[in-house]
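Chains V and Y, in that order, give the protein sequences.
Be aware that the first sequence starts at 1, since it is given in the UniProt record's numbering, and climbs by one per residue.
Be aware that the second sequence starts at 1, since it is given in the UniProt record's numbering, and climbs by one per residue.
Hints were generated in silico from the structure; no laboratory data involved.
A few of these clues could be false.
[Claimed, not checked] Part of the chain V face toward chain Y, derived, beta carbon under 10 Å: (1) V40; (2) S76; (3) A176.
Ideal placement from N, C-alpha and C gives every residue a C-beta, glycine not left out.
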Amino acid sequence: MSARARLWIFLVGAAGFAVLFAAACIDLPAFGTVPHPYGVRAVRAALSHHTSNVIASVNFDLRAFDTLGEETILFSAVLGTVVLLRQARDEHRKDPEPAVVHPRVRRFALLTLACALLVGLYVIAHGQISPGGGFQGGVVAATALHLLYIAADYRALERVRPLTLYEIGEAAGEAAYVITGLAAVLAGSAFLANVLPFGTLAALSSGGTVPVLNAAVGLEVTSGIVVLLARFLDQAVEIEEPGEDDGGPWDSGDSGGNGDEQRERA
Amino acid sequence: MDTARLLPLVVAVPLLGAAVLVATGRRLPRLVSDIVGCAFAAATAALALLVLFRAGHPGPGTYPVEWVGGWRRVGIVLVGDPLGAGLAALVSLLVVTVLVYSWRYFEEPPRRHTGSFPALILVFQAGMCGFALTGDLFNAFVFFELMGVVAYALTGFRVEEPKPLQGALAFGVVNSLGGYATLLGITLLYARTGELGFAQIGRRLDADGPDGLVLAAFVLVTTGLLVKAAAVPFHFWLPDAHAVAPTPVCMLLSGVMVELGVYGVARVYWTVFSGPGGLSHPDVTRALLVLGVLTTLLGAAMCWRQRHLKRLLAFSTVAHTGLFLIGVAVLTPEGISGTALYVLGHAGVKAALFACVGVLLDRYATVDEHELFARARELPEVGVLFAVGGLALSGLPPFASGLGKAAAEEAAGHTAGWLPALYVLVSAVTGGAVLRAGLRIFAGVGRRPGKEEGGPETTGEEEPETGGRLGRIPVPLLAVPAALLAASLALGVIPAVASAVGRAGALFTDTGGYRRTVLDGHAAAAPAHLPPHWQLTGILLGLLSAALAIALATLAVRRPVHTGAAALFAPVRRLQSGHIGDYVAWLVAGAALLTVLTVPGIR
Numbered sequence: 001m002s003a004r005a006r007l008w009i010f011l012v013g014a015a016g017f018a019v020l021f022a023a024a025c026i027d028l029p030a031f032g033t034v035p036h037p038y039g040v041r042a043v044r045a046a047l048s049h050h051t052s053n054v055i056a057s058v059n060f061d062l063r064a065f066d067t068l069g070e071e072t073i074l075f076s077a078v079l080g081t082v083v084l085l086r087q088a089r090d091e092h093r094k095d096p097e098p099a100v101v102h103p104r105v106r107r108f109a110l111l112t113l114a115c116a117l118l119v120g121l122y123v124i125a126h127g128q129i130s131p132g133g134g135f136q137g138g139v140v141a142a143t144a145l146h147l148l149y150i151a152a153d154y155r156a157l158e159r160v161r162p163l164t165l166y167e168i169g170e171a172a173g174e175a176a177y178v179i180t181g182l183a184a185v186l187a188g189s190a191f192l193a194n195v196l197p198f199g200t201l202a203a204l205s206s207g208g209t210v211p212v213l214n215a216a217v218g219l220e221v222t223s224g225i226v227v228l229l230a231r232f233l234d235q236a237v238e239i240e241e242p243g244e245d246d247g248g249p250w251d252s253g254d255s256g257g258n259g260d261e262q263r264e265r266a
Numbered sequence: 001m002d003t004a005r006l007l008p009l010v011v012a013v014p015l016l017g018a019a020v021l022v023a024t025g026r027r028l029p030r031l032v033s034d035i036v037g038c039a040f041a042a043a044t045a046a047l048a049l050l051v052l053f054r055a056g057h058p059g060p061g062t063y064p065v066e067w068v069g070g071w072r073r074v075g076i077v078l079v080g081d082p083l084g085a086g087l088a089a090l091v092s093l094l095v096v097t098v099l100v101y102s103w104r105y106f107e108e109p110p111r112r113h114t115g116s117f118p119a120l121i122l123v124f125q126a127g128m129c130g131f132a133l134t135g136d137l138f139n140a141f142v143f144f145e146l147m148g149v150v151a152y153a154l155t156g157f158r159v160e161e162p163k164p165l166q167g168a169l170a171f172g173v174v175n176s177l178g179g180y181a182t183l184l185g186i187t188l189l190y191a192r193t194g195e196l197g198f199a200q201i202g203r204r205l206d207a208d209g210p211d212g213l214v215l216a217a218f219v220l221v222t223t224g225l226l227v228k229a230a231a232v233p234f235h236f237w238l239p240d241a242h243a244v245a246p247t248p249v250c251m252l253l254s255g256v257m258v259e260l261g262v263y264g265v266a267r268v269y270w271t272v273f274s275g276p277g278g279l280s281h282p283d284v285t286r287a288l289l290v291l292g293v294l295t296t297l298l299g300a301a302m303c304w305r306q307r308h309l310k311r312l313l314a315f316s317t318v319a320h321t322g323l324f325l326i327g328v329a330v331l332t333p334e335g336i337s338g339t340a341l342y343v344l345g346h347a348g349v350k351a352a353l354f355a356c357v358g359v360l361l362d363r364y365a366t367v368d369e370h371e372l373f374a375r376a377r378e379l380p381e382v383g384v385l386f387a388v389g390g391l392a393l394s395g396l397p398p399f400a401s402g403l404g405k406a407a408a409e410e411a412a413g414h415t416a417g418w419l420p421a422l423y424v425l426v427s428a429v430t431g432g433a434v435l436r437a438g439l440r441i442f443a444g445v446g447r448r449p450g451k452e453e454g455g456p457e458t459t460g461e462e463e464p465e466t467g468g469r470l471g472r473i474p475v476p477l478l479a480v481p482a483a484l485l486a487a488s489l490a491l492g493v494i495p496a497v498a499s500a501v502g503r504a505g506a507l508f509t510d511t512g513g514y515r516r517t518v519l520d521g522h523a524a525a526a527p528a529h530l531p532p533h534w535q536l537t538g539i540l541l542g543l544l545s546a547a548l549a550i551a552l553a554t555l556a557v558r559r560p561v562h563t564g565a566a567a568l569f570a571p572v573r574r575l576q577s578g579h580i581g582d583y584v585a586w587l588v589a590g591a592a593l594l595t596v597l598t599v600p601g602i603r
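Pulled out of the complex, with its shape left as it was, chain Y reads as follows (with noise of 0.2 Å):
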């Protein structure tokens, strides 16, 4: 078949799967259910590298472009473009381990509704890869409104406790806002331009020169994919959510939908804003670099300071997402390819790291890291396991996400000489926070910490989430967080990974070519790129970063606790209130932020 005629598949075999799921749920035993789910989530993914693999053929050539139902330039197009393609397959081999993860994890599903779970990472499944692959901002408006109802839904699975539902709640409503104002942001253009798709909206934005309603449009779809991808200060939900969410379903939200917020960003803003229409490239990159700068340097703070495992994953992905804004910001295709190796080294990493902490919270019901000291010295796999995501997290070479740093530090360099020294120190703080716990958890190194200090927010006392303690750990726990990491080593090392990466990134920047295999259909060449490769300063970074975070981490286990560095903190960790009103009103004057960063843009 037509590899075009394959890309709404990607969303429709999910979709499918998750109604079959609904339907028999009642009458299936679990393992049916769950077979079931894994099958449909599977072919999902076969498709999707199907359609990678196609679209992604090195040299001259096109990618598929499909007008659903047919309708040309009236319809809906769905664009299998390198990167696009490349996320949704990304996102669907995700799901197919965090199901097989599940499998043995949580307890007994809902009575009568076995299929529940599984059909909702099945719908979550199609949001995403709906989000990764079209071309058409309402439609895109609508899948990200899809992902989050059903990021909602799972965040809140544990329904026998008061915090998970007040976690979802607060997710709910600040996402909930931020789709308000993307949406509001949609009228604003389809009012001036009569169109919906990413490329005729960019085309007719082009004929006049800009004005306060192509920037006030820019900021209100921004602040909701920002709202997405956590950008300081819209990010308060995320840390949140991610402590009382079922551990599978971080490993989704961390390792995937946060990032493809910044993919919207980035998306929307090279397929409509990038032309003389739209807003300069300088204003984009100052207002992306100081939300991203913000927020890598507020991520890696609050994450350094957490005891509560999940937080303090949470807080890295915030760290994380920072940097990513900050690649995406330099506004050049090294920064985009860069950043997309990154966010792939770092899906399969941060989703180790969580699957390793699901195995903690079984054993001893708590993902506290002062609790846990020493506690889990009779795991010695979980702990190797640990141990080489917190240093792949720091950016160790030969990862993907090691080099995935090196490249866009690289392309940061290029913008601000002072930007890779901050890729190294939060690679280095974040990785640095993980294997600390690593060695306080499961090698008991350094002083047992004491019980004074910490609030009830950076502690970790949480109910577990199987069902009574496994016997032996079963054999998905460990073989899905060794899988990921061997993943995430495989795309560092294979030079076909790289190269493919940095025609991905030279054609995602591409707006013209982008526009032109959209509405007229004409091949778009790849233009001249260098994908992201390992050079000595990249490894020697890396290297550097790795060594950061090992001292960071033994200086920590080995000294007692600073109470002046925690009482400087102490302002900052007060934000994370937990009070919804609060979060509502960061999320307000952000919007206002990015006015402001952006406001030059229009003369």
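Same shape as in the complex, but just chain V (with noise of 0.2 Å):
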């Protein structure tokens, strides 16, 4: 299809569908007016349960499935990555070159990554009673420890990123969710009940298992992002194409795996 015809079906379809989305935009109840009937009962319940993050006992007391597979979205997201990213027959891996970074930017990195790391395990840990959680405490967490990439170089962010032990701690945190939904259903309550003691309102082991399920989260996000980062930096730093052969090959690359055992040898 031509660039033109393109752009005409394009055009007259996102008309149509630019009529039909004003359409539904007019018929929209009216910005701020009436209590949603949702966020009532869902204040009520979290309320009940004492958590004071009323997004947090959305996420993983009300709603706890969906959260499940937001969780494994990710997993199988990082799991495909793993897949696709694999180093391929025809590629080979050569050792990234040592950096040599400015004494200022390293104490600053340094530093900042220890405050980063504190601040990310603060936000998975408090997430059932102020903003944040797993998910964002676990983005901040894992990021934070390629700081180092930044403070010295590569190959000290690989001596700090076994990644055998991350891919681990993935699975370990899918795992811990489905467990702790499983073991309510062993108390012979629904699965994903809220069993354990909920505590008093507001202090940091209130909320049942809305601090489990957060660290769960925590853990899976945490070592999901560093797997998934590591992979991209391999492919960008440490992978190379057949043709591309300015360094000598570190591995002739026709084991189709990796490149893990060399690593973790070196």
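Dock the two chains into a complex; use the hints.
Right, here's the structure in full:
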């Protein structure tokens, strides 16, 4: 199809879509008038389980099953990336170059690393009482580790990042969520029911299973993002296409694996 | 245990299996990780079958309803109505057979990641089962996305070549856009009703009359589901993805995932939009019927023109999805139950055909009909399976695909008298295309096709998916297609299956009964219904389409290709350009077309 024909088909379709969407928006309820029916029920339900962060209650208690699906989407996206970005038979791996970093940059990055890691863990742990939770804190913690790439170089990052451990951590986070749900079934309740004591409102231990599920998601997201970024960074820094042979080949690369074996040996 | 308690476990067990495989996959040898994968898939299948048997018990009774986390009306509900539970069981059983088939199929999996293929398949299973069982619109979207994410990765599994990645990318982009449309529709419904459950949204909508918002929500939600169902003009991703995906993945994509898109359309319509606050029946019938007829005609025409066997089967899936959409479009319990039986039979037959193609790809490193001419004479067993598959695809009694086709075409005939003719024609053409390929490849009948015609998009040069040619064909590669065809045959002749499917269709279309069962906990008695059964007209029409398929196939192999016909199809064929921009333009245009077709619904 020519670019012109494509554009016309798109424009005609988009015009129809715009009319439809405008019609829908006109019929939307007016902004900020009536209390939202679900909002009222969700707040009541959250408070009944002593969870002061209502959003965490919706995510990890009322609709915890959705969150299981969402966590699994990330889990399988990482798994899919590991599969798709594996070292192909005709690619080879080269040792990353050591980099020289200005001492000031290094000091600042290391300081930020410690702070960011702490903030990430804090956000995961306090998901039930203040904004945040496993998804947000997990991303912060995982990216914090990568400040080491700035503070030192890729080889330093690889040393603090034993990928095997993070892959197991990712699977453990996924499994922990499922097992928490199954434990409720074994306790004679519904799957993912909040069976733990609710604690006092606004205390760190409040919310029953909400902090447990938050921690499971935090573990999964932290490890998952580390594995995900590692795969992309490997492609950018270490893995070379057949033609682009400028450094000494580190590995003939006919194993079809991820080269982790070599890395672990190194 | 209470049957309802089992519903979430159908999703949880495969997810646990995937986590176990990812955690231990680095240490386990391949055989062990394959066995672990099969065990978790089989356990899930057992759970799904248990739910189905308890829910599908004939006589007055209810079906299991489970509020996850115990949050009645505030949380997410899973509903084990016979149709949803039956689909979950179908998905799970097919996943088990696919895992058995892949046992000896792939070359060495990614080193130190032996568990990654079965783990992805298990997550795929969880996503599809969750989608079939959920009674919540947003939850359905989550599982829709989960199915998508896994399917993109599985499609691009063979990273050594560029084509799988391109196919996976087109699949990913088009399906994600469809997903956004669905999400936009969900937000509109949520803004209006403050609810996310099918039953709750439906009840709230029925309090007011339909308006532009309801129409837009229907169009947007349905657009995403139709992308998954590969209805014209949202279908372009499907042949591109099927041509490049590993064969075991094709078995799942064609066998059940695409059909779940049709199921989603039917489920959302019957639970949310079928009341007085939704859209009127004639408008929805018109919209789905037009798309269904376009889909089935285009699919059949393109199917006939293919030489690449996987693309041929992929377009036959498009054609059959069109027929399924027509069965849903007539909006009757008979249409639903006939289509459900058709989907059951089709899943077994199509997966068996893909399994046969996998054997060819292993032996000859090509799936091109012309290159394979007479080369597979040494594989008579595969040839017989392939031919039986082609006949079953054309609706030969007593296969379940034949009974489903007969029941669906009879139901469609009540809406428009010419629809049964369409069922016969499309079944004959798709079955005939398979038989034609079978005659050429396995029997070497007719003239050796010339080398001149056929652009790169129809030929079938492929890398084998197995590591080097397998010495002797491993038992699973033959046993799996044979078992699938036998299952398809058994489902067609066991009367209990047909009567259970009839009851499932009646409960599925009973909107009031569904809402009462989910929200009020009243037992929904199955409304009066006539289960699909063999009738003389159905048998005759089935025999007719099978005979037509044989006639078309013999005619095609005896006579040289008409260049005139090829020129006639060229513009249609060129639409399948492989350009993602084209596919996106068609998707937007398709949403607009759906709007135009449904617009009188708000009056």
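To see whether the hints hold, each was checked on the structure:
1. Taken as an interface hint, V40 of chain V checks out: its beta carbon lies about 9 Å from the nearest beta carbon of chain Y, inside 10 Å.
2. For S76 of chain V, the suggested interface contact is upheld, since its CB lies about 5 Å from the closest CB of chain Y, less than 10 Å.
3. Look at A176 of chain V: its Cβ gets to within about 9 Å of chain Y, closer than 10 Å, so that hint holds up.
Taken one by one, the earlier hints all hold for this structure without exception.
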